[in-house]
Amino acid sequence: MSSAELFGVLVSFQPDAPEVQQKRDYDAQARDFVQRVANIGPSHFLKGADTSQDLLDMLSPSVNTIGYLFTLRVRIAAQAENPKSQKNIPETLRPGGTLWNKTVEFLENADPVQLRYVGAEWRKLVEQVETIARIIGSPSLAISPIRSAMMRLDPSTGTFTLTHLHFVRLCVETRSYSAALPILDNYIHTLASKVPQAVRENVDCAVACADHTNSGEYIHQHSGHTEKITLAEVQEYYVLGAMSYIGARQFKKAKQFLEHVLVTPTNNIANGLMLEAYKKWVLVSCLVDGKYTATPRTANPQAIKQVRFASRAYEALATAFEQVNNLPKFRAQVNAGRDVWADDGNTGLVHELREQQVRFYVTGLSRTFSAIPLSNITGAVGGSVEEIASYVSTLITDGKLNAKMEQSSKAEVGVVLRFFLDPTQGPLAKTEKQQQQALFEQTQRTNVLAEQVKGVDYRLTLTKEYIDQLKRNNKKSAGGVGDAMDTTWDDGLDDEDVMGDM
Amino acid sequence: MAPNVEQSAFFQQQKNKGVVVVKDPPKFDLESYISNYDGSTRIHRLHHIGASSTYLAIDAYRMAIAEAKRGKNVKSYLALVEDFSSIAPDDSMALSDMAWAEKKSREVKEEQDKLEHELKSYKNNLLKESIRMGNEELGQFYYACGDYTNAHKAYYRMREHCTSNKHLADMTLRLVYVSISQNSWLALQSHLVKVDASQLKGEEKTKLDPIVSVCQGLAHMCTSNLKEAATSFIHTSPLFLTLEPASGITWQREVLSGNDVAVYGGLCALASMDRSQLQTKVLANGDFRNFLELEPHIRRAITLFCNSKYSACLEILEGYRTDYLLDVYLSRVLATIYSQIRTKSIVQYFIPFSCVTLEEMATKFQLTGEYASIEDELEDMINSKVLDARIDLVDRLLISPPTNPRYDVHSDALKMAETYDHTLRLRLTRLNLLGAGLEVRQDKNQNKESLGLGDSIGASLRGLGSKIGFQ
Chain A
1 MSSAELFGVL VSFQPDAPEV QQKRDYDAQA RDFVQRVANI GPSHFLKGAD TSQDLLDMLS
61 PSVNTIGYLF TLRVRIAAQA ENPKSQKNIP ETLRPGGTLW NKTVEFLENA DPVQLRYVGA
121 EWRKLVEQVE TIARIIGSPS LAISPIRSAM MRLDPSTGTF TLTHLHFVRL CVETRSYSAA
181 LPILDNYIHT LASKVPQAVR ENVDCAVACA DHTNSGEYIH QHSGHTEKIT LAEVQEYYVL
241 GAMSYIGARQ FKKAKQFLEH VLVTPTNNIA NGLMLEAYKK WVLVSCLVDG KYTATPRTAN
301 PQAIKQVRFA SRAYEALATA FEQVNNLPKF RAQVNAGRDV WADDGNTGLV HELREQQVRF
361 YVTGLSRTFS AIPLSNITGA VGGSVEEIAS YVSTLITDGK LNAKMEQSSK AEVGVVLRFF
421 LDPTQGPLAK TEKQQQQALF EQTQRTNVLA EQVKGVDYRL TLTKEYIDQL KRNNKKSAGG
481 VGDAMDTTWD DGLDDEDVMG DM
Chain B
1 MAPNVEQSAF FQQQKNKGVV VVKDPPKFDL ESYISNYDGS TRIHRLHHIG ASSTYLAIDA
61 YRMAIAEAKR GKNVKSYLAL VEDFSSIAPD DSMALSDMAW AEKKSREVKE EQDKLEHELK
121 SYKNNLLKES IRMGNEELGQ FYYACGDYTN AHKAYYRMRE HCTSNKHLAD MTLRLVYVSI
181 SQNSWLALQS HLVKVDASQL KGEEKTKLDP IVSVCQGLAH MCTSNLKEAA TSFIHTSPLF
241 LTLEPASGIT WQREVLSGND VAVYGGLCAL ASMDRSQLQT KVLANGDFRN FLELEPHIRR
301 AITLFCNSKY SACLEILEGY RTDYLLDVYL SRVLATIYSQ IRTKSIVQYF IPFSCVTLEE
361 MATKFQLTGE YASIEDELED MINSKVLDAR IDLVDRLLIS PPTNPRYDVH SDALKMAETY
421 DHTLRLRLTR LNLLGAGLEV RQDKNQNKES LGLGDSIGAS LRGLGSKIGF Q
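Chains as they are written, first to last, in UniProt numbering: chain A, 1 to 502; chain B, 1 to 471.
This is chain A alone, in the form it adopts within the complex (with noise of 0.2 angstroms):
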């Protein structure tokens, strides 16, 4: 085959072509065009390479996508197959070099339709990104890339890879902690999971290049995008995630993304990730809440007895952060603890806690005074004035606190701290209009995700588990059928668990 005649087959696929309009043609022709590419050997791919007949050039990433992958991944094979070592990798592929400047290229503007024809190709290219940035020794070059690459397959990056783990993994080992977030904040609304062979194929607009809501409709293990899930790999992307959070001090997200490991189904047991996030979970909950309140409803009350049986010294710890007026007990209880929170490697967080507590009993104030003098802050916390009054200011600035410094017009008094009492007062005050579009945005995000919450109902009553059970529950009795998960708002704090008796 010549250059020219692959140069042929490798465009004959358009997506834009007027008999592939239909969904139903364009899956059937792009499934056959993937298997005649994926055929041609890969000699044909290296005719041309680096002349002003290279394919790469010739090809447009974002309209030939499938078959600017292949060539790619054999262009790539060739210069380095599975590389170990700096030696391996030509110059052409480090970073900076044509072929990673070509890769990061394809990886940005690919066609994400045709991504979804080409899943296992394209996770191999996307870690080898990570493992050539890992070789060469600057791993934090692979970020962006794998981002953008995640980011074009799926805008809502809501369907779980394994590539979210590595790209987690890799952002935590680097401390890129802001760079995971644009990832991290797409909640994850779907597992990748095992499809039942019949329901892939009798359902309705299935074929992989529709309109989908959910990209978890063409993402999923068949689809090569990624490789099998375990839980452990799951619970492991929601820690690294929230460490994240951490890194980037947005404890609160942080929080809700501990929780997430601590709802784990489990059968009354615990594992060392659930553990691992508690800690963490009820440090970060001080944090946030200035205590640590009760673990989400739906986590396995065994394993949580379980992990906090394990947890004292954190819990000790919160319980002395809560009393807000004591804050010799607390400093005590961090030096007791120094060995544990060090071999659990919590120090930073405790630290933070440490650093944070002043801000809880400043803010505390606000609740019982108006108005108080600097120097009766200064009694409890220890400090002088003048520490007080720029750590006060820093929390005002920061929006931390809603008040103002004032200097009293008597002199015995000093500075003045004064709290704004009517919340639409002071630097932290919000217009109706601004709370009005705060909870018009929320409803909408809320009502996408109860959509995909009823989604993924729906998908559990396609399992086999939920088959035979309800095959039980009709001979049991005739009306037995356990109710749809009720997604309406009123009763959103209610206890439904519709798998709970599974």
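FYI, nobody ran anything at the bench for these hints, they're computed from the structure.
For each residue, glycine too, the CB sits at the ideal point set by N, CA and C.
Take the hints with a grain of salt, since some may be wrong.
The following residues of chain A were derived to be distant from chain B, with all beta-carbon distances above 12 angstroms [said to hold, decoys possible]: (1) GLY41; (2) SER60; (3) ALA77; (4) PRO90; (5) THR92; (6) ALA120; (7) SER140; (8) VAL207; (9) ARG312; (10) ASN473.
Here are the computed lysine to aspartate or glutamate pairs in the DMTMM-like style, where the Cα-Cα straight-line distance is at most 25 angstroms [said to hold, decoys possible]: (11) A:LYS410 <-> B:GLU418; (12) A:LYS404 <-> B:GLU295; (13) A:LYS400 <-> B:ASP388; (14) A:LYS404 <-> B:ASP388; (15) B:LYS69 <-> B:ASP29; (16) A:LYS252 <-> A:GLU315; (17) A:LYS291 <-> B:GLU418; (18) A:LYS253 <-> B:ASP29; (19) B:LYS344 <-> B:GLU295; (20) A:LYS404 <-> B:ASP29; (21) A:LYS404 <-> A:ASP289; (22) A:LYS253 <-> A:GLU315.
Model the placement of chain B on the given structure of chain A, informed by the hints.
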């Protein structure tokens, strides 16, 4: 004499035990006070007064010892004398009369043998009514000796031999009486329920009702359920004052007098009800008015509270603090009741104002010694969310915070929506994991593996945790 008493070993000990010791003379006269009562409650009350008031200690103990010598309770006599000897060792009554004690003990033993013997013979002859009465007599005997546990047991044994509802009610009332003497309020409550459930009708029932509600009130008050206590007391029928003895017990003399009901009911109501409730349920209550007339100052205090004259009301109550501390039941809960009334007064006082100076508060509400300054007290009240206000320490003002319900509703809605959102996400994760068949199982291999993984992650993040960007 008084300073002597105060320095005595006994009161030093009481102070060390944390018992409230009253030094001021009370408003009442001991003789006339105690003449309101009969039976064992006299010794009980005298003992309490003697042990708490340095002013009345000697008189009270003397009367109590004389009283005890008339009864069969040798143990209580010896205990009283022992206490008294550490208060006033030189007093003639401070020496225990051992001859009397021995003689009495012997008599008591004989009487017990006799009663038990009689009961045995009734049992052998299967005389139902006699067995019941035998048990009753034995119970009364044990009660007189101060052996409440055995008295309780004896009365309880009457149950299977009761043949009419009247007998059952009698027995239960006796149990109620013993429970009060034992200060076991929970048992008392359960017995009262039984009295209430007994199927007495008509006149019998109207006779028992006041007794039940008074005892109920007492039980609630002693367990600090002030609201329920107030309700029970203020619904007591005035019949109580003139009631014939029931089950051989004159309740208004042997348990609580009408004055006690007025004081307890009035104070509990003040502590637990708001102004309109006080007006409609207490002052306008025809039944309770009969009691309130016995204690006009309580009535005055309630009226003052209803008329928003809080400081005057508190002043009256403060004036009677000593008296109430000497009351055997009230003394235990008095601090709670008073502080609740005070807190309520402050809250009620502040409602119509948007701003009051702290000095004004301090003059209106004189400190009771619990707090160093009015600011501290107010701060505590605000922190415990009793008082909705803010303190301005600079201009020394108490400020009522502006409310903005519209804003609050909006932010609450937003917060709720966020919570709901998060809850849904958690559910989503859980459902997804379940749907994918992922679950932590008690499988040994998997368990080990996942634990191991946790460890390794912990290890790899260890160094990192300590460094996470905290300068």
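Comparing the hints with the structure gives:
1. GLY41: holds, 38 angstroms
2. SER60: holds, 37 angstroms
3. ALA77: holds, 30 angstroms
4. PRO90: holds, 31 angstroms
5. THR92: holds, 33 angstroms
6. ALA120: Consistent with the label, A:ALA120 stays out of reach of chain B, its closest Cβ about 20 angstroms off (over 12 angstroms).
7. SER140: About 14 angstroms separates A:SER140 from the closest Cβ of chain B, which puts it past 12 angstroms; holds.
8. VAL207: holds, 22 angstroms
9. ARG312: holds, 17 angstroms
10. ASN473: Its Cβ never comes within 12 angstroms of chain B, the nearest being 17 angstroms, so this holds.
11. A:LYS410 <-> B:GLU418: Status violated; Cα separation ~45 angstroms.
12. A:LYS404 <-> B:GLU295: Answer violated: A:LYS404 to B:GLU295 is near 54 angstroms, above 25 angstroms.
13. A:LYS400 <-> B:ASP388: holds, 23 angstroms
14. A:LYS404 <-> B:ASP388: Between A:LYS404 and B:ASP388 the Cα gap is close to 22 angstroms, so the pair holds against 25 angstroms.
15. B:LYS69 <-> B:ASP29: holds, 23 angstroms
16. A:LYS252 <-> A:GLU315: Distance of about 19 angstroms is within 25 angstroms: holds.
17. A:LYS291 <-> B:GLU418: holds, 19 angstroms
18. A:LYS253 <-> B:ASP29: Given pair A:LYS253, B:ASP29 is violated - Cα atoms ~70 angstroms apart, limit 25 angstroms.
19. B:LYS344 <-> B:GLU295: holds, 22 angstroms
20. A:LYS404 <-> B:ASP29: violated, 61 angstroms
21. A:LYS404 <-> A:ASP289: holds, 23 angstroms
22. A:LYS253 <-> A:GLU315: Distance ~21 angstroms between A:LYS253 and A:GLU315 Cα, so the pair holds.
Hint violations for this structure: numbers 11, 12, 18 and 20, all remaining hints satisfied.
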